[in-house]
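K.L.:
Single-letter residue listing:
Protein chains: 4
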Amino acid sequence: MRFFIIGDIVGRPARNLLKNILKNMIDKNEIDFVIANGENASGGNGLTYKNYQELISCGIDIITMGNHVWDKKEIFEYIDEENKIIRPANYPEPCLGKGYTIINKNNINIGIINLSGRVFLSSLDCPFKTFEKIYNTLKKETNIIILDFHAEATAEKIAMGWFVDGKVSLMYGTHTHVQTADEKILPKGTGYITDVGMTGPYYSVLGVNKDIILKKFITQQPVRHELAKGPVQLNGLIVDIDEKSGKSIYIERYLKIFEN
Amino acid sequence: MRFFIIGDIVGRPARNLLKNILKNMIDKNEIDFVIANGENASGGNGLTYKNYQELISCGIDIITMGNHVWDKKEIFEYIDEENKIIRPANYPEPCLGKGYTIINKNNINIGIINLSGRVFLSSLDCPFKTFEKIYNTLKKETNIIILDFHAEATAEKIAMGWFVDGKVSLMYGTHTHVQTADEKILPKGTGYITDVGMTGPYYSVLGVNKDIILKKFITQQPVRHELAKGPVQLNGLIVDIDEKSGKSIYIERYLKIFEN
Amino acid sequence: MRFFIIGDIVGRPARNLLKNILKNMIDKNEIDFVIANGENASGGNGLTYKNYQELISCGIDIITMGNHVWDKKEIFEYIDEENKIIRPANYPEPCLGKGYTIINKNNINIGIINLSGRVFLSSLDCPFKTFEKIYNTLKKETNIIILDFHAEATAEKIAMGWFVDGKVSLMYGTHTHVQTADEKILPKGTGYITDVGMTGPYYSVLGVNKDIILKKFITQQPVRHELAKGPVQLNGLIVDIDEKSGKSIYIERYLKIFEN
Amino acid sequence: MRFFIIGDIVGRPARNLLKNILKNMIDKNEIDFVIANGENASGGNGLTYKNYQELISCGIDIITMGNHVWDKKEIFEYIDEENKIIRPANYPEPCLGKGYTIINKNNINIGIINLSGRVFLSSLDCPFKTFEKIYNTLKKETNIIILDFHAEATAEKIAMGWFVDGKVSLMYGTHTHVQTADEKILPKGTGYITDVGMTGPYYSVLGVNKDIILKKFITQQPVRHELAKGPVQLNGLIVDIDEKSGKSIYIERYLKIFEN
Ligand SMILES: [Fe+2]
Ligand SMILES: [Fe+2]
Ligand SMILES: [Fe+2]
Ligand SMILES: [Fe+2]
Ligand SMILES: [Fe+2]
Ligand SMILES: [Fe+2]
Ligand SMILES: [Fe+2]
Ligand SMILES: [Fe+2]
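Keeping their order, the protein sequence lines are chains A, B, C and D.
Start counting the first sequence at 43; every next residue gets the next number (the working numbering).
Start counting the second sequence at 43; every next residue gets the next number (the working numbering).
Start counting the third sequence at 43; every next residue gets the next number (the working numbering).
Start counting the fourth sequence at 43; every next residue gets the next number (the working numbering).
In case anyone wonders, no lab produced these hints; they're calculated from the structure.
Keep in mind it's a predicted model, so treat the numbers as computed, not measured.
Each residue gets a CB set at the ideal place from its N, CA and C atoms; glycine is no exception.
Treat the hints with caution; some may be incorrect.
[Said to hold, decoys possible] Pair ranges (Cβ atoms, derived):
#1 Lys126/D with Tyr120/B: 47 to 55 Å
#2 Lys70/B with Pro273/A: 44 to 52 Å
#3 Asn125/A with Lys257/D: 52 to 60 Å
#4 Ile260/D with Tyr91/B: 23 to 31 Å
#5 Gln263/C with Glu123/A: 40 to 48 Å
#6 Asn151/B with Lys226/C: 54 to 62 Å
[Unchecked claim] Reference listing, derived: stretches of chain A covered by chain B, where coverage requires no fewer than 3 residues with Cβ under 8 Å from a Cβ of chain B:
#7 74-87
#8 160-171
#9 198-207
#10 285-292
[What the hints assert, rightly or not] In silico lysine-lysine, BS3-like type, Cα no more than 27 Å apart, as pairs:
#11 Lys257/D with Lys209/C
#12 Lys209/A with Lys257/B
#13 Lys171/B with Lys257/D
#14 Lys230/C with Lys230/D
#15 Lys257/B with Lys271/D
#16 Lys271/C with Lys115/A
#17 Lys271/B with Lys252/B
#18 Lys175/D with Lys257/B
#19 Lys257/A with Lys115/C
#20 Lys257/D with Lys181/C
#21 Lys140/B with Lys175/C
#22 Lys171/D with Lys230/C
#23 Lys171/D with Lys175/A
#24 Lys114/A with Lys258/C
#25 Lys298/C with Lys230/D
#26 Lys230/B with Lys258/A
Modelling step: build the complete structure from the supplied sequences, incorporating the hints.
P.N.:
Structure below.
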């Protein structure tokens with residue numbers, strides 16, 4: 043079964059790109075299941091209901107989130123109702139929304155988990171312990187489990203990779219908006235990459251206008267973020283998972299720049 | 043002119059690897075100049091004088107450092123005397139050692155700058171302003187300038203890339219120990235990659251034994267780092283710089299795993 | 043000469059209190075000069091022009107700021123024109139506004155400096171080095187110099203106290219919104235306190251409604267701050283400075299709660 | 043029943059002071075129970091077994107700890123055996139040592155809890171939720187409960203104060219090494235202070251030689267800490283708790299400087 047993972051979708055430029063090309067790409071590459079990180083899909087911060095629906099109608103099967111999950115306040119109203127979006131599972135309970143889910147596609151159960159790191163980020167519950175609890179539930183339902191670990195520090199992400207090796211089919215990182223070149227299949231069969239990267243304006247700093255970010259670093263004063271214009275990059279990951287064993291058998295980075 | 047950049051060298055396993063293979067590799071790839079980050083070369087933290095000499099005798103032309111520069115106290119005794127090592131230039135003055143240097147090789151002047159980011163790191167002087175001062179000096183001497191920007195946050199590194207585009211021949215990031223897949227030549231001719239990655243134990247967390255790091259994350263207690271055993275990866279970058287224009291004309295990530 | 047220092051003014055409750063009582067208090071206590079930290083005076087974040095004028099008309103001689111200085115965007119329009127407001131002097135140059143000033147009152151020159159710490163805060167210029175530069179200028183004009191060091195970490199504030207002992211008449215800390223009990227005159231004559239505290243709602247967390255802040259800590263989700271209601275505390279410091287020597291000769295914490 | 047709380051004990055100077063004066067002070071002030079924070083008692087970092095015994099023999103009934111709890115490795119060998127020491131209860135389980143205890147003195151059960159904040163500190167378990175669990179156990183055994191909340195940020199400490207008001211007899215903060223002036227009895231009867239301060243060298247930065255710390259701030263390079271010499275301050279808190287109701291009825295800061 044072939045999975046396509048899409049890195050943090052940043053704003054309208056990225057949404058428009060996906061509207062234009064995703065369905066075609068799914069067909070051409072014979073992709074069975076699409077997971078995308080949507081924490082920056084609405085103007086760079088959060089996800090409105092309208093944009094959620096838009097992304098799903100592009101062909102995305104499930105949206106994962108990250109530290110920006112609550113940035114658009116209306117998410118508090120729809121996240122509990124909708125079943126194609128999950129947020130980091132290690133937000134303390136009680137918390138609106140779900141941290142993992144199972145989606146049945148082509149008669150196959152696929153478990154998806156979203157977790158957040160804590161280094162340089164909020165003090166959520168331990169992602170390692172939260173994983174163990176969820177894993178013990180999910181493994182009874184399916185042996186295809188995919189984890190989006192949304193985290194900053196490479197050490198925390200790599201450590202999680204070793205922690206879940208042999209338990210999940212694939213663990214990939216999100217959040218830094220830069221794709222890493224360390225995609226691999228770990229010794230016990232788990233596909234792994236530290237970060238899948240970003241889908242958004244190419245000539246930018248993480249999607250944002252570069253002059254604005256440079257001003258912020260140089261003046262140390264707050265600035266109003268504006269997304270950059272121009273070409274849009276699509277960062278992702280193509281992974282083939284063996285349905286029987288639940289192991290990754292093929293992993294390939296995807297990185298393409300589209301003229302606007 | 044062909045440059046080979048080596049990502050953070052971690053401990054004895056990486057030093058031994060370089061001893062065994064670097065000279066051969068230089069020959070085979072017709073490399074003219076080698077720059078390596080040595081902040082973790084001695085047991086994972088800092089650089090002793092003996093290890094400094096060892097690395098230089100492997101064929102490295104200049105060693106750059108990072109936040110671990112002062113970890114081995116003996117560096118205070120030799121860093122001022124030696125001319126094949128630089129430390130982040132934005133340590134506040136006065137400070138032992140140099141933050142940039144010019145090395146003449148094959149009758150060509152090559153400027154090398156080392157800077158440290160500040161996001162999630164120490165409050166050094168502004169790396170952007172420090173760059174400008176050094177650049178104004180160096181550009182009178184050479185149009186081949188290479189910058190190792192040792193930083194954690196992708197935003198800070200990418201912003202620096204845009205800041206130096208057209209001014210330096212190459213800016214590469216170090217510190218996260220994970221190679222990124224965003225190598226490119228920026229519009230004005232500067233070669234760029236967010237992080238070149240690490241040279242050290244492959245089955246590890248940033249070079250360190252993975253069980254130790256997992257214990258640290260799960261217990262939140264301090265642990266004693268020990269380097270991992272087994273195969274060693276060499277992460278680097280091959281860059282061709284046009285001597286006349288000082289622009290990068292070719293950039294290629296290097297990533298190889300060696301059995302021990 | 044008697045100085046009254048007012049800790050971070052939080053929102054309308056604190057502004058109203060000062061309108062009602064400050065002039066009277068100045069008379070009763072024979073205060074010659076009033077300095078107040080205004081970084082939270084407008085709704086808890088920043089300072090509008092209207093509120094700036096309001097505070098000045100209450101009898102405040104000079105307003106200092108802190109990390110919230112730029113929170114109300116209109117400050118960019120008036121801070122350069124007005125001369126009764128200073129912002130942390132260690133914002134990188136160029137920067138709107140001034141980081142220090144001299145005010146002549148009763149025929150006496152009084153130098154006031156505002157600096158920000160860097161531990162757990164933004165990477166501004168070094169506050170110690172910035173102090174030295176300003177001090178070398180100011181000491182030619184007056185021997186009465188007062189420093190508001192707006193910082194989080196006690197170590198950084200105490201270190202600054204030692205650094206300026208004998209150079210300034212008084213160094214006091216702001217930012218933590220909790221008054222410390224370590225007021226003293228340092229060996230070389232500088233009055234000192236780690237933090238003067240906050241002027242704002244008493245039954246609160248730093249001025250903000252306590253239930254909102256508790257929700258933030260427990261859920262780790264973003265919340266919308268609302269100021270607390272009820273009694274208002276006035277935190278301050280009364281200091282007598284000898285005009286001839288510029289040394290502090292008396293220091294007393296001020297802490298009073300007013301029913302609303 | 044009268045309690046004496048002692049702020050973070052820093053090194054030999056503080057240990058010696060307590061050896062010389064504590065028993066006498068207990069007698070003179072008719073103190074029934076002494077709690078001291080010992081995280082810095084051995085050379086400024088951690089607590090050796092010998093120093094643990096020393097402190098207990100001075101008249102301290104129970105020692106609480108903080109982020110430095112594991113700094114002296116031998117603690118792993120004795121903390122599980124000894125019953126007069128507790129460490130932050132929100133270290134993830136399993137963890138050596140206890141996070142709370144009950145001590146019976148004069149036929150009265152006294153519950154003591156130690157928790158650590160997370161802002162600017164390690165990602166331990168939620169201190170608020172951990173408190174609730176412990177409280178539900180302890181309240182069955184006693185209505186005298188005292189909480190040492192070892193934390194950096196004033197917001198987190200004040201929020202905890204509101205959270206435990208009416209549940210514990212007393213909550214006091216430790217860690218910043220500076221005594222705050224906000225001691226009070228909260229509306230539902232809980233004694234409160236944001237920080238009790240430090241017991242250690244007076245002319246210092248948090249107990250450490252001031253020149254060393256200034257060097258660290260100015261150079262941004264690592265330094266070797268050495269404790270300061272000279273007079274030693276004792277920072278503490280005297281609190282009277284009504285045995286029947288478990289409420290605080292009197293609270294007084296203690297702050298005295300002793301010539302060496
Ligand atoms: Fe993102
Ligand atoms: Fe994120
Ligand atoms: Fe490194
Ligand atoms: Fe580093
Ligand atoms: Fe404030
Ligand atoms: Fe502040
Ligand atoms: Fe301490
Ligand atoms: Fe501490």
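K.L.:
For each hint, tell me whether it holds in the structure or not.
P.N.:
For each hint, the structure was consulted:
no.	hint	result
1	Lys126/D with Tyr120/B: 47 to 55 Å	holds, 49 Å
2	Lys70/B with Pro273/A: 44 to 52 Å	violated, 36 Å
3	Asn125/A with Lys257/D: 52 to 60 Å	holds, 58 Å
4	Ile260/D with Tyr91/B: 23 to 31 Å	holds, 26 Å
5	Gln263/C with Glu123/A: 40 to 48 Å	violated, 18 Å
6	Asn151/B with Lys226/C: 54 to 62 Å	holds, 57 Å
7	74-87	violated (count 0)
8	160-171	holds (count 4)
9	198-207	holds (count 5)
10	285-292	violated (count 0)
11	Lys257/D with Lys209/C	holds, 18 Å
12	Lys209/A with Lys257/B	holds, 18 Å
13	Lys171/B with Lys257/D	holds, 23 Å
14	Lys230/C with Lys230/D	violated, 44 Å
15	Lys257/B with Lys271/D	violated, 38 Å
16	Lys271/C with Lys115/A	holds, 25 Å
17	Lys271/B with Lys252/B	holds, 10 Å
18	Lys175/D with Lys257/B	holds, 25 Å
19	Lys257/A with Lys115/C	holds, 16 Å
20	Lys257/D with Lys181/C	holds, 24 Å
21	Lys140/B with Lys175/C	holds, 25 Å
22	Lys171/D with Lys230/C	violated, 48 Å
23	Lys171/D with Lys175/A	holds, 19 Å
24	Lys114/A with Lys258/C	holds, 16 Å
25	Lys298/C with Lys230/D	holds, 21 Å
26	Lys230/B with Lys258/A	holds, 22 Å
Comparing the model with each numbered hint stated earlier shows that hints 2, 5, 7, 10, 14, 15, 22 do not hold.
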